[in-house]
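Participant: Residue numbers (my numbering), protein chains in the order written: chain A, 3 to 161; chain B, 3 to 161; chain C, 3 to 161.
Please note: incorrect hints may appear among the correct ones.
If several chains are the same, the list does not tell them apart, and a pair holds so long as it fits within one copy or across any two.
Calculated lysine-lysine pairs in the BS3-like style (CA-CA distance at most 25 Å, straight line) [to be verified]: (1) Lys65 x Lys52; (2) Lys52 x Lys118; (3) Lys59 x Lys7; (4) Lys65 x Lys8; (5) Lys7 x Lys98.
If you're looking for bench data, these hints aren't it; they were derived computationally from the structure.
Keep in mind the model is a prediction, meaning the values are calculated, not measured.
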Amino acid sequence: MTEKKKTTIVLLSGDYDKAMAAYIIANGAAAYDHEVTIFHTFWGLNALRKDESILVKKGFMEKMFAKMMPRGADKMGLSRMNFAGIGPKLIKNVMKKHNAIPLPQLIEMAQEQDVKLIACTMTMDLLGLQEEELLDNIEYAGVAAYLAEAEDGNVNLFI
Amino acid sequence: MTEKKKTTIVLLSGDYDKAMAAYIIANGAAAYDHEVTIFHTFWGLNALRKDESILVKKGFMEKMFAKMMPRGADKMGLSRMNFAGIGPKLIKNVMKKHNAIPLPQLIEMAQEQDVKLIACTMTMDLLGLQEEELLDNIEYAGVAAYLAEAEDGNVNLFI
Amino acid sequence: MTEKKKTTIVLLSGDYDKAMAAYIIANGAAAYDHEVTIFHTFWGLNALRKDESILVKKGFMEKMFAKMMPRGADKMGLSRMNFAGIGPKLIKNVMKKHNAIPLPQLIEMAQEQDVKLIACTMTMDLLGLQEEELLDNIEYAGVAAYLAEAEDGNVNLFI
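Take the sequences, apply the hints, and build the full model.
Facilitator: Encoded structure:
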């Protein structure tokens, strides 16, 4: 019996382009039959937010963070040429023209391919994000869970 | 027969300092007899652009992107202290003083050491870059080619 | 005899959140008995700066760089929502509320756990940083030392 190869990605970035790269690599690795884990921390958690507003109890600071951070993958900005939010729209138009898959669909595809999506509980706490606000069927864990996967990983990336 | 060690780098960043780090690690690894691959995607493609203007047919959006992105490694900005473009000049002056090798020469050196430079065809499409605009003697491929190298890689980095 | 697992991190970023992620992973890996190395280059060197002003002889450019870069881990900004320096204060308040460990203490903890902290001598040169300005008990080396660790690394990250 041969063991499956493993790919792990820490996604700290909240940029649309970087999250897209993360999910393209993740989907590619899953297609090559790797066991794939994406560990979302800090701004990377925004990729996992539901796009509707969820009613949860929050303190003032948590409310402010929640308001200022993009609600879901589709609302994330670019790391370059963001042009006050126009950049992502341009890129998405070009993507449609070239039949490239937008980020929300890449995330769905990853879930269908059993890519393990983990939300970092420590940074959820810091940014005041609660489980109700994040996508269904994801896992909640800390750095120990990440390291347990990564130490046997063939491809480990920090994005 | 022992197999060669492998180093792979995904270069998504279009920052001079990060590209410099990528190419210093790549050249170092090649000197230690690793098989080295740099997979350029998104803004990292700018490091591979020729510095002259190349006449190719483009749509409006492609023209705009082409115009706004730096033409070649020498024109890239810094991730910090860019100061509206003065930062890179300062750094380059300091580099000259300290005999550090500028990015365009690091790229040449990498090519001489047979570092495999790959341009990501999917993001070339998105940004409207064409083969004529990029350096000679590079390869064109997608995420599958990257993963084929990375899954046997000893050092895999995302920059 | 089994060899220890190895984790290496290149820290190029000068952002508080990214340095925090680097040191949380490093401390976690050390707790799991990995041999851990953090190689600080470019803006990542700022995490190693002492917070007092150190009198050393510098040229004009080095003085300018020294003045503009944050003096030590506690003064670093965020990669997002920095709000002209208010962001880090907010995050630190929230961290205190949630009993999360601030960056300077994470660095101390790493030193106590024998995480090897390396300052990249080439970029120290470029930024005009001298050994007297950096923390005690760190090592000074170049890319070759990094590669020697990374090529046997189980987890190699670039942050």
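Participant: Where does the structure disagree with the numbered hints, that is, which hint numbers, in rising order?
Facilitator: Hint check: 3, 4, 5 fail, others pass.
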